[in-house]
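Could you build all of it, start to finish, from the sequences and the hints given here?
Protein chains in written order, with the numbering used here: chain E, 451 to 576; chain P, 13 to 297.
Hints are not guaranteed to be accurate.
What the hints assert, rightly or not - Over 12 Å on every C-beta distance to chain P, these chain E residues come out as not near it, computed from the model:
no. : residue
1   : Met451
2   : Trp510
3   : Val555
Stated by the list, open to error - Here are the computed distance ranges between Cβ atoms for each label pair:
no. : chain 1 : residue 1 : chain 2 : residue 2 : range
4   : E       : Pro509    : P       : Ser14     : 20 to 26 Å
5   : P       : Glu93     : E       : Ala530    : 41 to 47 Å
6   : P       : Ala261    : E       : Met451    : 37 to 43 Å
7   : E       : Arg470    : P       : Gly257    : 48 to 54 Å
What the hints assert, rightly or not - Computed from the model, here is a short list of chain E residues facing chain P with C-beta under 10 Å:
no. : residue
8   : Ser476
9   : Gly549
10  : Ile551
11  : Phe560
Rather than coming from a laboratory, the hints here were simulated on the basis of the structure. Note that beta-carbon positions come from the ideal geometry of N, C-alpha and C, so glycine has one too.
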Amino acid sequence: MIDRFREIEARLKDQPHLLRLGRLFSETVLIEIEGEEIYLTFDKGQITSVMAGPSRKTPWRFALRTDADALEQFWQARPAPGFHDIFGLAKIGRGRIDGDILCLVKNLRFFKEVMALARCKEEATL
Amino acid sequence: MSIEPITGRYLSVEIAGAPRRIYFEEAGQGRPVLCLHTAGADTRQWRHLMNDAEVTAHHRLIAFDMPWHGKSLPPEGFETEEYLLTTEAYIETVLAVVAGLGLERPILAGCSMGGRIALQLAALHPEQFSGFIAIEASDFQPAWYDIDWFHRPDAHGGEMGAALVSANISPYAPNAERWNTLWMFMQSGPGVFRGDLSFYTRDDSLIGRLAQIDTARTPVHLLVGAYDLTCTPEDAQRTAAAIPGATVAVMDELGHFPMSEHPQGFRPFFMDALARMARAAAQAA
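In structure tokens form, the structure reads like this:
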């Protein structure tokens, strides 16, 4: 699963509009997939580190906890209802968002679009 | 080059004892259909249907911007007022527009909070309308988010609101219309989306009124998109089940803003809803 996030890291470099949207976002985000921890560190909108956990000494601002199947469905070009959005995952009970949710909401478009960078390219929408 | 058939004008009415200048648009001729926009948006959500010659051949579509929205200014003194929409003020506004425009028992088509108030009007003022198309409408849902997020001095409420409601747009929506839909939220005045959501997420008074809706007199048809996280198909179906005689259709590839996010996908469902209203009127005649 961490390869998917390395793919996101690479694709983000080619998204000038996202780098502009995220220019004030310098935080670490925890993605937890069935207990597997992945720490994404952002600096001014760029991902500077994709680090596998577990870690007890990596502070994070907010976390998205979900399962591998849910994420794979989220990354389909046209996901099924509920799997089409990170808040949708939470709404259907396949995800949970913890931590500083206001920080996430202030950067919500940026973070959602970053997460969707691993989405299948064919007809993919956000 | 082309000029659209939609025309826009202003209506001056009194609401809650104070004057309001309300912007409205219309297109078409025939049976009047009064269209209500969602929270945090405006009349532009209806422009595709108003530009649809097949829809307007036999229907006069009218949409208006609620005060505080679009081109309708907030009331005098708004600068010190906390905008919080209420069921009572919303009902008074819709009825003032019906009376001000001299509409004779229009069909009322409302989406989201507009669908909610359509059902309130179906229960409380059915004599003013000939039928109700309640889109993404339900009895009540508490917020699954904090409505105060959308009115803060340290962040842009419109951008945050748009990012949130994008969760309610179907992945089948054409990209251009997805972003046109979100743009309206981005343009919404400070605190307006929050004030609309206050009505939508805190007033549960419709629940006890659903059973008094008389669909033999005024038909009620609900439409709900499968990708709507705010008013889910389950929410709409539960609501329809509580209204004797109401019907409901689930739109598999649509979300919470169907007439705006995916006009072509919504079109057949809206045409079917209008046909249902016409059949009910013919039976009653």
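Hints versus structure:
The claim that Met451/E lies off the interface holds: its Cβ sits roughly 22 Å from the closest Cβ of chain P, which is beyond the 12 Å cut-off. With a least beta-carbon separation of about 20 Å from chain P, Trp510/E lies farther than 12 Å from that chain, consistent with its non-interface assignment. Listed as outside the interface, Val555/E is inconsistent with that label: its C-beta sits roughly 5 Å from the nearest C-beta of chain P, within the 12 Å cut-off. A hinted range of 20 to 26 Å for the beta carbons of Pro509/E and Ser14/P is inconsistent with their spacing of about 57 Å.
Separation of Glu93/P from Ala530/E is about 43 Å and conforms to the stated range, judged on CB atoms against 41 to 47 Å. At about 39 Å, the beta-carbon gap between Ala261/P and Met451/E stays in the expected band of 37 to 43 Å. Distance hint check for Arg470/E and Gly257/P: the Cβ-Cβ separation is about 53 Å, which falls inside the suggested range of 48 to 54 Å. Taking 10 Å as the C-beta contact cut-off toward chain P, the hint placing Ser476/E at the interface is violated, the least distance being around 16 Å.
With a cut of 10 Å, the hint placing Gly549/E at the interface with chain P is violated, because the nearest CB-to-CB distance is about 14 Å. The restraint placing Ile551/E at the interface with chain P holds, with a minimum CB-CB distance near 8 Å, inside the 10 Å limit. Proximity of Phe560/E to chain P holds as hinted, the smallest CB-CB distance being about 8 Å (cut-off 10 Å).
Violated hints for the displayed structure, listed by number in ascending order: 3, 4, 8, 9.
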